[in-house]
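For the record, the sequence lines run as chains A and B. One point on numbering: in my numbering, the residue at position 216 of the first sequence is 216, and numbering is uninterrupted. One point on numbering: in my numbering, the residue at position 77 of the second sequence is 527, and numbering is uninterrupted.
Treat the hints with care, as some may be off.
Calculated lysine-lysine pairs in the DSBU-like style (CA-CA distance at most 30 Å, straight line) [stated by the list, open to error]:
id, chain 1, residue 1, chain 2, residue 2
1, A, Lys337, B, Lys473
2, A, Lys25, B, Lys563
3, A, Lys380, B, Lys467
4, A, Lys337, A, Lys325
5, A, Lys422, B, Lys467
6, B, Lys563, A, Lys291
7, A, Lys366, B, Lys563
8, B, Lys456, A, Lys291
9, B, Lys473, A, Lys362
10, B, Lys473, A, Lys25
11, B, Lys477, A, Lys380
12, B, Lys487, B, Lys456
13, A, Lys380, B, Lys563
14, A, Lys366, B, Lys456
15, A, Lys345, B, Lys467
16, A, Lys337, A, Lys291
17, A, Lys340, A, Lys325
18, B, Lys467, A, Lys38
19, A, Lys380, A, Lys362
Just so you know, these hints were derived from the structure itself, not from any lab.
Letter by letter, the chains look like this.
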Amino acid sequence: MADIPFHHTLTVLQDVCKGCTHCMKRCPTGAIRIAGGKAHVDPERCIDCGQCMVVCPHHAIVLEQSDFNRIFNYRNRVAIIPSLLFGQFEDTVSDLQIVHALLQIGFTHVHIAEFGVDILRTLGNRISVYADDRPVISSYCPAVVRLIQLRYPALLRTINLMRTPAQIAALFARLDIEEQGGDPEETGVFYITPCAAKFAQINTPMSATSGLIQGGLNLDSVFNLMQSYFAKNKKESLAVTPGVIAFPQISAPAFLWSLTKGESASMPGRTLAVDEVHNVIEFLELVEEDKQQNLDFLELRACATGCTGGVLNPRNRFLASERIKHMAQRLPREIDKETKARVLKVSDRMIHNLKVDRIEAKHSLKLDQDMGLALQKMEKARRILEVLPGIDCGLCGSPSCAALAEDIARSNASIRQCAVLKLTDPRGLNTLARIWGEQIALEKTPKPEV
Amino acid sequence: MHVTFKVTAGDFSNAGKISSSIKTLLKQLNISSVDVKRIIVALYEAEVNVVAHSYGGEVVCDIEPHQAFIQVIDTGPGIPDLDLAMTEGWSTATAEVREMGFGAGMGLPNIRKNTDELSIQTQAGGHTHIMMRFYISEGTI
Ligand SMILES: Nc1ncnc2c1ncn2[C@@H]1O[C@H](COP(=O)(O)OP(=O)(O)OP(=O)(O)O)[C@@H](O)[C@H]1O
Ligand code: SF4
Ligand SMILES: [Mg+2]
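For reference, chain A alone in the conformation it holds in the complex:
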C-alpha cells in the first residue's frame, strides 16, 4: 500500500509566535524546533495531539478551521456528536435543548458517536476486536495510533482494527437514511470533534473515515453557534420537551466510552487504561519490551481524563466528565427494541464494513535508512553530546542537548546554535563548528502561513 502522508491540522502563526520554547519542551515526540525565532513542526514526527496548542502562552498555534456551511451542500445533514459535547454546557442547558440547538443550527439528524458501541453490540451481542496479538490496543484515539505508527511499529499488529464507534455510527446513519428512501449522494455526515487528531484523521486522504464522514467540524466553533442560538432564542429553546424531540438512542456504558476507563470497563479480561500522552509513551515502552503478557486490552488516550481533555473543549475537563457521568446514570443499560430492529435491518451491509485496513509503519526515529550511516551519525551525536553543557536550556532551538547533538549529526543544525558555549568558549566553538559542520539548515526563511 502506498505510504500516504499524515494530514496535519496544527499551524504555527509565524507573526504571533515569539519562539519562547514552551511548545518545544512539551512536545511528546520531539517534533518542534525553534529556528529564526519561530517554532517549526516536523510533519514526519507530529502526531496531532495538540499539546503544543494548549501550552502556547501566545495562542500562536491554531487548528485548521472547518467551514460549517459545507453541511448545507447536502440535503441530509448528519451530526455525529461525541457524548462529551453534553459536558460542555452548564446544567442550566438541558440535554434536549442541546440536541434541539444542533437541529436548529442546520443538522437534520443527530447521532451520538458512542452509539456505535451499541450498534456493535446489537450486531454481535458483544464487543469484538480484530487484532493479531495481545494485549490489544484500542484504536479509539488517533493520536495514539499515529504514535504507534511512528515509534512502536512492532505493536501495530496489536492495534484493534475494528472501526471506531464514531465510524460505525456514521456508517449506520448513512445506511439508515438510505433505508428510509434518502439518496446516499445527498447525505453528508459531519463529525464534531474535540481534537486535532480526529480532525487530522478525517482530513487524511484514504483514511478509515474516507467516504463515511464528509468532514470534521471543530467542536469549539459548533459550540459557539449553539451558544448564540441559545442567546437569541431563549424562549423557544426553553420550550423544548420530550414530546417535541427525542433524545438520541444510546446506552449508559456507551455514553461513558470516551472518558478514561470508559472503554476498558466494557472489555473482557484484564484491562488497563492510561491517559495523557507522556504517560502513554512511558507505558508503550514497557509493552514493546513484552513485559505485559498478562493483559488483554489497553485503552490508551492522548488526553488527560480522556476526550473531555481534548484541546477544543471549552469547558473544564473535570466538570465536563462529571456531567457526562451524571447523565449516564439516567440512561438505559441498552438501546430500545425499535432502534435495535433498525440496526438489524442494515446488518448485512454493516457487518462487511466493520474492519479497517492494516495500519502501516512510518519512520521517525531512524537516523538513516542505511544502518552503517545511521551508526556513524549516532557515534557523531554521542561525541557532540560530550562537549555540550548538558543543561537542556533549549536556547539553541532544540528541546535538549541530546536533541541538538542529533540535529547536528543529521546536518540539520550547527553547534554554533549552543548559546551557552557561545558565551563560555567562543573560540572553542569555532573549532568545533569547523569539525562538525556549519550548516544551519533549519534557519531557512520561514514558510508563509496559509
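Given the coordinates of chain A, assemble chain B with the ligands onto it according to the supplied hints.
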C-alpha cells in the same frame, strides 16, 4: 559503536534499564523490530541474572552494521554446572527472588533461543562472561 553500562547486584528496581537504553539506540538504527526484540529479550535476561545471582558487573555493547556483539561480565561467584543452569526450569533463586517474579529458570534458555551465537565462560568461584552475537537486518517490522 561501543557503549558500556554498569550493573549493580541486588538492584532489582533498576533491572531492565540497560536493555531499555539499548532498545532506544537500536530503534534509531533502522534495525528490524524482530531483531530489536530478540536482542533486548536476551540482554534483559542476562542483566537480571547479574542483578539476581552475582556480585555485580557490566554490559559491553558493540554495534556494527549488520551485527551486534553484547557481552555481560560479572565478578562472580560463577556458575558451578553450566549445563545444568542452561536447563529449562532449573534455578537456584531464593524464595525472596521468586516472590519478585523471577526465578522460573527460563533466563539462560531464553538467551540461547534469542542469540545467533552464544558463548559462556564461567566456573565456580570465578567470573561469568556471556558473549552474545546477533546478526541483524534492516527494516521496520
Ligand atoms: N550471572 C550469574 N552468576 C551466577 N549464577 C548464575 C548467573 N546467571 C545464572 N546463574 C545460575 O543459573 C541458574 C539459571 O539461570 P536462569 O536465568 O536460567 O534462571 P533464573 O535466573 O533462576 O530464573 P529466571 O531467569 O527465569 O527468572 C540461576 O538460578 C543461577 O543459579
Ligand atoms: S484522547 Fe480523545 S480528544 Fe484526545 S487526542 Fe485522543 S481522541 Fe482526541
Ligand atoms: Mg535469570
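Structure-based check of all given hints:
A C-alpha spacing of about 53 Å is found between Lys337/A and Lys473/B, which places the hinted pair above 30 Å, so the restraint is violated. Only pairs whose Cα atoms come within 30 Å are accepted, and Lys25/A paired with Lys563/B is rejected, the gap being roughly 41 Å. As the CA atoms of Lys380/A and Lys467/B are separated by approximately 23 Å, the hinted pair is consistent with the 30 Å bound. A distance of roughly 24 Å separates the Cα atoms of Lys337/A and Lys325/A; the hinted pair therefore holds under the 30 Å criterion.
This hinted pair does not check out: Lys422/A and Lys467/B have alpha carbons roughly 35 Å apart, beyond 30 Å. Using a Cα cut-off of 30 Å, the hinted pair Lys563/B and Lys291/A holds, with the two alpha carbons roughly 18 Å apart. Between the alpha carbons of Lys366/A and Lys563/B the distance comes to roughly 27 Å, so the proposed pair stays at or under 30 Å and holds. Between Lys456/B and Lys291/A the alpha-carbon distance is near 22 Å, which keeps this suggested pair within the 30 Å criterion.
Among the hinted pairs, Lys473/B with Lys362/A is consistent with the structure: their alpha-carbon atoms are about 18 Å apart, no more than 30 Å. Proposed proximity of Lys473/B and Lys25/A is supported: the alpha carbons are some 23 Å apart, at most 30 Å. A distance of roughly 17 Å separates the Cα atoms of Lys477/B and Lys380/A; the hinted pair therefore holds under the 30 Å criterion. Between Lys487/B and Lys456/B, the direct Cα distance comes to roughly 21 Å. Compliance with the 30 Å bound is thereby established for this hinted pair.
Taken as a hint, the Lys380/A and Lys563/B pair is broken in the structure, with Cα atoms around 33 Å apart against an allowance of 30 Å. For the hint linking Lys366/A to Lys456/B, the alpha-carbon distance of about 27 Å falls within 30 Å, and the restraint holds. The suggested pairing of Lys345/A with Lys467/B is violated, with an alpha-carbon distance near 55 Å, which exceeds 30 Å. Of the pairs offered as hints, the one joining Lys337/A and Lys291/A is violated, with about 44 Å between alpha carbons and a cut-off of 30 Å exceeded.
With a C-alpha separation of about 24 Å, the suggested pairing of Lys340/A with Lys325/A holds against the 30 Å cut-off. For the suggested pair Lys467/B and Lys38/A, the alpha carbons sit about 36 Å apart, so the restraint of at most 30 Å is broken. A distance of roughly 25 Å separates the Cα atoms of Lys380/A and Lys362/A; the hinted pair therefore holds under the 30 Å criterion.
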